[in-house]
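A.B. asks: So you can see what is in the structure, the chains are spelled out below.
2 protein chains.
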Amino acid sequence: MKPTVHDIARSAGVSLATVDRVLNGRPGVRHVTRERVEKAISNLGYVRDVAAANLAKGRTYSFVFVMPSNDNSFMIEIRDEVHAAMSRSGAERTQIRVVDVPPFDAQALADALDRIAADKPDGVAFVAVEGAQVHAAVARLKETGIAVVTLVSDLPGSERDHFAGIDNNAAGRTAANLLGRFTGGREGRIAAIAGSMLVRDHRERLEGFLAVMGESFPRLSVLPVMEARDDPALAAEVVSAALGHHPDIIGLYSLGAGNRGIVHALREVSEGARPVVVAHELTRTTRAALAEGLIDALLNQDAGHEVRSAIRVLKGKVEGLPVIAAQERIRIDIFLKDNMP
Amino acid sequence: MKPTVHDIARSAGVSLATVDRVLNGRPGVRHVTRERVEKAISNLGYVRDVAAANLAKGRTYSFVFVMPSNDNSFMIEIRDEVHAAMSRSGAERTQIRVVDVPPFDAQALADALDRIAADKPDGVAFVAVEGAQVHAAVARLKETGIAVVTLVSDLPGSERDHFAGIDNNAAGRTAANLLGRFTGGREGRIAAIAGSMLVRDHRERLEGFLAVMGESFPRLSVLPVMEARDDPALAAEVVSAALGHHPDIIGLYSLGAGNRGIVHALREVSEGARPVVVAHELTRTTRAALAEGLIDALLNQDAGHEVRSAIRVLKGKVEGLPVIAAQERIRIDIFLKDNMP
DNA sequence: TATTTTCTGATTTACGTACCTCAAAAACTG
DNA sequence: CAGTTTTTGAGGTACGTAAATCAGAAAATA
Chain F
1 MKPTVHDIAR SAGVSLATVD RVLNGRPGVR HVTRERVEKA ISNLGYVRDV
51 AAANLAKGRT YSFVFVMPSN DNSFMIEIRD EVHAAMSRSG AERTQIRVVD
101 VPPFDAQALA DALDRIAADK PDGVAFVAVE GAQVHAAVAR LKETGIAVVT
151 LVSDLPGSER DHFAGIDNNA AGRTAANLLG RFTGGREGRI AAIAGSMLVR
201 DHRERLEGFL AVMGESFPRL SVLPVMEARD DPALAAEVVS AALGHHPDII
251 GLYSLGAGNR GIVHALREVS EGARPVVVAH ELTRTTRAAL AEGLIDALLN
301 QDAGHEVRSA IRVLKGKVEG LPVIAAQERI RIDIFLKDNM P
Chain L
1 MKPTVHDIAR SAGVSLATVD RVLNGRPGVR HVTRERVEKA ISNLGYVRDV
51 AAANLAKGRT YSFVFVMPSN DNSFMIEIRD EVHAAMSRSG AERTQIRVVD
101 VPPFDAQALA DALDRIAADK PDGVAFVAVE GAQVHAAVAR LKETGIAVVT
151 LVSDLPGSER DHFAGIDNNA AGRTAANLLG RFTGGREGRI AAIAGSMLVR
201 DHRERLEGFL AVMGESFPRL SVLPVMEARD DPALAAEVVS AALGHHPDII
251 GLYSLGAGNR GIVHALREVS EGARPVVVAH ELTRTTRAAL AEGLIDALLN
301 QDAGHEVRSA IRVLKGKVEG LPVIAAQERI RIDIFLKDNM P
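Line by line, the protein sequences give chains F and L. In terms of the UniProt record's numbering, the first sequence opens at residue 1 and continues consecutively. In terms of the UniProt record's numbering, the second sequence opens at residue 1 and continues consecutively.
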């Protein structure tokens, strides 16, 4: 039978109240007594019944998710997952609020964070945009005792507690590896298209990509990165122009969003002349393109995992628990048309 | 505030006892009253507090995991995950027992299942071996009212409730796709090495592999599959022999275990002459080989996910809940050296 | 020694649900 | 209509923990 607090009290020869004081770090227990209780705990292998504890506490955690009002599929998916979490919030004793901010706008983000800090929620998750203002706002949040997690795009060097997202440098390296191998020994040019070099995740992907391209595939030369602000229409235009200009493009890495436009542009190219394409995020568009053969490989980060991980970490931080790195690592999924979920 | 049973009772104008009778399907409620209560439940959006319910029930689920006494890394990992689940079992109100059976032995497996049935656990998970005896044993388990889940290797056509594992046909297809593309337009032979064609998962992988090879890569000819019973020593021998015999082998698909031996054999080959290699399962050996470049891509099924999914499904079955397919789908992970976790 | 301070014990209530009993009311039966 | 059966109500206990109160014991201080 699983030991309970009563068993510990009996085993340590103290009262229930004292056990409670030790377990919950309340004051008023002599050092020797505390040790006696702790020994009983480890002897009996007691573990707190979290369900019962939460039931007794009745406390709910209030979290705020700050989301850029982007309309690309991936951000929509993230929002959906946050909303799914909100609907589960009753069962998990969390209360989640979503705050919208304009995308790629450091000042607006910092302002939003400051406004949120005034409400004193237990935790905040946000998609980082780089900027000194944001760093400062994060510092203020932490000062107020609020747990802070970055989501999808990180803000290294800031005082955030955790980053819930993938290793974007590794993603770029993986993309390069796939593209290099899929082009099968041929020589030619590689085009890379990003949303914006102002966003850290895109920059890191490109860095990783270029590194592996340089190291392992000298036969391929990468054109200067194109930026299309994750806008499908702009992306279509840019890609079409590039393909028209350089008939020797044999590979394309789409490291941002706006794949709808890119797919559109690729469809115009005759089948034999189509480059090998690696893109990010499994969405309706990219899934169809993968099945059709317009995209050759997809790198994906699981939005659901990221959101749930962020919530788990926030909760843990509020309770003063350490982050279990292995559990919170978000994987880079690779999808070919054969292993699409 | 989250509604409770009290709120429902008040809203429906009935007593707590009646609400309880409706919620737990107990008899003795008139049809009209039952409907009134159900309406109140949906009106208020009541959801049972599972934690509190479990606390009150105090029931624990008893599950048995039947594992082949294989010593390959993947099976060891599965066992480790089962043990990890056992150590968590207190918190999750499950009691898990592990039963060992000799590998690849349908009769022994069937006997073990029959012995287990006598104990009347709530659920059983096992790694299937094909055979009429096993089908019959599963039927007997189900007759006794025991939930049954197959793990890693399935037993289609049997009365098992669920399969916790990957789509092995898709895995084979994915391997073929990778191998085809990584060999980059060259012509040559492809070797495939399996554990045993008696195990369904290996057979399905091979089927998928051959299908895509035939469809998409006619320039590659696949040699007859070699079987090495997941034994490293035997695998090393077989692979060495094949490579010696056919200098035009440019690709190798290791679809079973025993990769330690295969890696050993590959190391003997001069770097330029090494085939492209796709293997299964991320273990210490394969991870090192991937980093070193001896293996080019790894397909992986997450042992932890599989075990946890099996337990979740067993629990659900005992409680009469449906399986949420999307949640229980085990993904085929692809790892290149750049996205290893 | 007297007094204060610090520690500890005993006990209680609450969380939301399950499950039980007993009595009373309502609905049927003939 | 009386008698029987079915349905409902009222109330309690339990699960394991949190959190509080208050009294009493022990230790430290004056």
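To be clear, the hints were calculated from the coordinates, so they are not data collected in a lab. Don't take every hint at face value.
[Claimed, not checked] Label pairs and their in silico Cβ distance ranges: (1) F:Leu-16 x L:Asn-24: 29 to 35 Å; (2) L:Gln-95 x F:Ile-76: 25 to 31 Å; (3) F:Val-50 x L:His-31: 28 to 34 Å; (4) L:Gln-95 x F:Ala-288: 43 to 49 Å; (5) L:Asp-20 x F:Pro-341: 47 to 53 Å; (6) F:Ala-288 x L:Gly-13: 49 to 55 Å; (7) F:Arg-10 x L:His-83: 51 to 57 Å; (8) L:Ser-69 x F:Arg-30: 49 to 55 Å; (9) F:Ala-325 x L:Ser-216: 55 to 61 Å; (10) F:Arg-140 x L:Asn-24: 48 to 54 Å; (11) L:Pro-224 x F:Met-1: 53 to 59 Å.
[Stated by the list, open to error] Computed footprint of chain F on chain L, listed as stretches where at least three residues anywhere in the stretch have a Cβ under 8 Å from a Cβ of chain F: (12) 51–57; (13) 160–173; (14) 220–232; (15) 327–339.
Predicted model only: the values in this text are computed from it and were never measured. Built from N, CA and C at the ideal position, the CB exists for glycine as well.
A.B. asks: The structure should be examined with respect to each hint, and the outcome stated for every one.
C.D. replies: Right, here's what the structure says about each hint:
At about 31 Å, the beta-carbon gap between Leu-16 of chain F and Asn-24 of chain L stays in the expected band of 29 to 35 Å. Restraint check, Gln-95 of chain L to Ile-76 of chain F: a C-beta distance of roughly 43 Å breaks the suggested window 25 to 31 Å. Distance hint check: the CB atoms of Val-50 of chain F and His-31 of chain L are about 39 Å apart, inconsistent with the given range 28 to 34 Å. The hinted window of 43 to 49 Å between Gln-95 of chain L and Ala-288 of chain F holds, with their beta carbons roughly 46 Å apart.
Here the CB-CB span from Asp-20 of chain L to Pro-341 of chain F is close to 40 Å, at odds with the stated 47 to 53 Å. Hint check: Ala-288 of chain F to Gly-13 of chain L, Cβ distance near 53 Å, so the stated range 49 to 55 Å holds. Separated by about 30 Å at the C-beta atoms, Arg-10 of chain F and His-83 of chain L break the suggested range of 51 to 57 Å. Look at Ser-69 of chain L against Arg-30 of chain F: about 52 Å separates their beta carbons, and that is inside 49 to 55 Å.
A hinted range of 55 to 61 Å for the beta carbons of Ala-325 of chain F and Ser-216 of chain L is inconsistent with their spacing of about 39 Å. Range check, Arg-140 of chain F to Asn-24 of chain L: Cβ separation about 50 Å, and the 48 to 54 Å hint holds. Distance hint for Pro-224 of chain L and Met-1 of chain F: a CB-CB separation of about 57 Å, consistent with the stated range 53 to 59 Å. Check result for the segment 51–57 of chain L against chain F: holds, 4 residues qualifying (beta carbon to beta carbon below 8 Å, three or more required).
Counting residues of the segment 160–173 of chain L whose C-beta sits closer than 8 Å to any C-beta of chain F gives 3, which meets the bar of three, so the coverage hint holds. Counting residues of the segment 220–232 of chain L whose beta-carbon sits less than 8 Å from any beta-carbon of chain F gives 0, not enough to reach three: the coverage restraint is violated. Coverage of a stretch by a chain is defined here by at least three residues with a beta carbon nearer than 8 Å to that chain's beta carbons; for the segment 327–339 of chain L and chain F the count is 10, and the condition holds.
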